[in-house]
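> Protein sequences appear in the order of chains A and B. For reference, each letter of the first sequence is one residue, going 1 to 79 in my numbering. For reference, each letter of the second sequence is one residue, going 80 to 240 in my numbering.
For the record, the hints were derived by calculation from the structure and aren't laboratory data.
Now the in silico label distances, taken between C-beta atoms and shown as ranges:
(1) V12/A <-> Q240/B: 35 to 43 angstroms
(2) I20/A <-> T100/B: 26 to 34 angstroms
(3) H179/B <-> A57/A: 17 to 25 angstroms
(4) G160/B <-> N23/A: 40 to 48 angstroms
(5) H48/A <-> L130/B: 38 to 46 angstroms
(6) T24/A <-> A89/B: 30 to 38 angstroms
(7) G160/B <-> L4/A: 14 to 22 angstroms
(8) Q201/B <-> G61/A: 31 to 39 angstroms
(9) Q201/B <-> I2/A: 19 to 27 angstroms
(10) I16/A <-> R239/B: 28 to 36 angstroms
(11) P162/B <-> G75/A: 36 to 44 angstroms
(12) T100/B <-> L45/A: 28 to 36 angstroms
(13) L130/B <-> A15/A: 26 to 34 angstroms
(14) Y5/A <-> Q240/B: 34 to 42 angstroms
Residues of chain B placed beyond 12 angstroms of chain A at every Cβ, according to the derived structure:
(15) E109
(16) Y183
(17) V190
(18) A198
(19) R230
(20) R234
(21) R237
In this text, all values refer to a predicted model and were calculated from it rather than measured experimentally. No residue lacks a Cβ here, since even glycine has one placed at the ideal position from N, Cα and C.
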Amino acid sequence: MIALYIVAGVAVFAAIRAVIEKNTGRKLPYANVLNFAVAGTIVLLLNHPLSLVAAAAYFVGSTLEANAVASTYAGGMKR
Amino acid sequence: MLGEFLHILAAAIISWLLFVTVDIFFRLPEAGGVSGASAVARDIEAGGGALAGGTMMGNIVCSPDASAGTLLAACGVYVAGIPGGLAAALLVFIGNRICHDPGYAGTTGAVLATFVVYAFTQVGFAATDFIAGMVIAILTIQGLSHTHASRLLARLWRVRQ
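This is chain A alone, in the form it adopts within the complex:
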């Protein structure tokens, strides 16, 4: 039970820092911590085999989004 509150607390902290940070490059690691915390929260709230799939799907999806945002921020695909 304590684990859930710690993870949720970290999620809130990371979200606030991601909002406050102005530089996009430095904003992304905070968003990454938020993604970790949300993935952990999903499993801690729902102790079911399928919640692992949900957490992994959320995590991989959010990583792919971060990947896309960071790549675009870096100048996008070079043709």
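Since the structure of chain A is already known, use the hints to place chain B on it.
Here is chain B on its own, set in the frame of chain A:
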């Protein structure tokens, strides 16, 4: 209650050592796996951090690495024991391929973490301790001070080299 706190703290330290070791072994601080990782590294360096550490942090952002593997393996062990951890490793492997990650840090980290977490559940730890521990571990790298974290990672990377 205090016992659970101490377990979570110990799990955080174990998770930290595990994922940082695997990431550095797989040379994540060497180069950005995708262009976005290099951009994150550049901004962290501009903020006073170290480039190699920033590159590793950028790689953690842009693809599921050993830290993601450790978190999802702990989640897998929590919901279904060792088979759950190995299922998490498979999901991380698929995630790596989707993100065009050339390395296998995430999958290796997930498989290693599965057995580490399971071993600790046999000596009184709960898998939930490792889920919270991993979130704290990633917070110390990505969420407290980019400058200090990147310098520490760069120092560890120099030892690896």
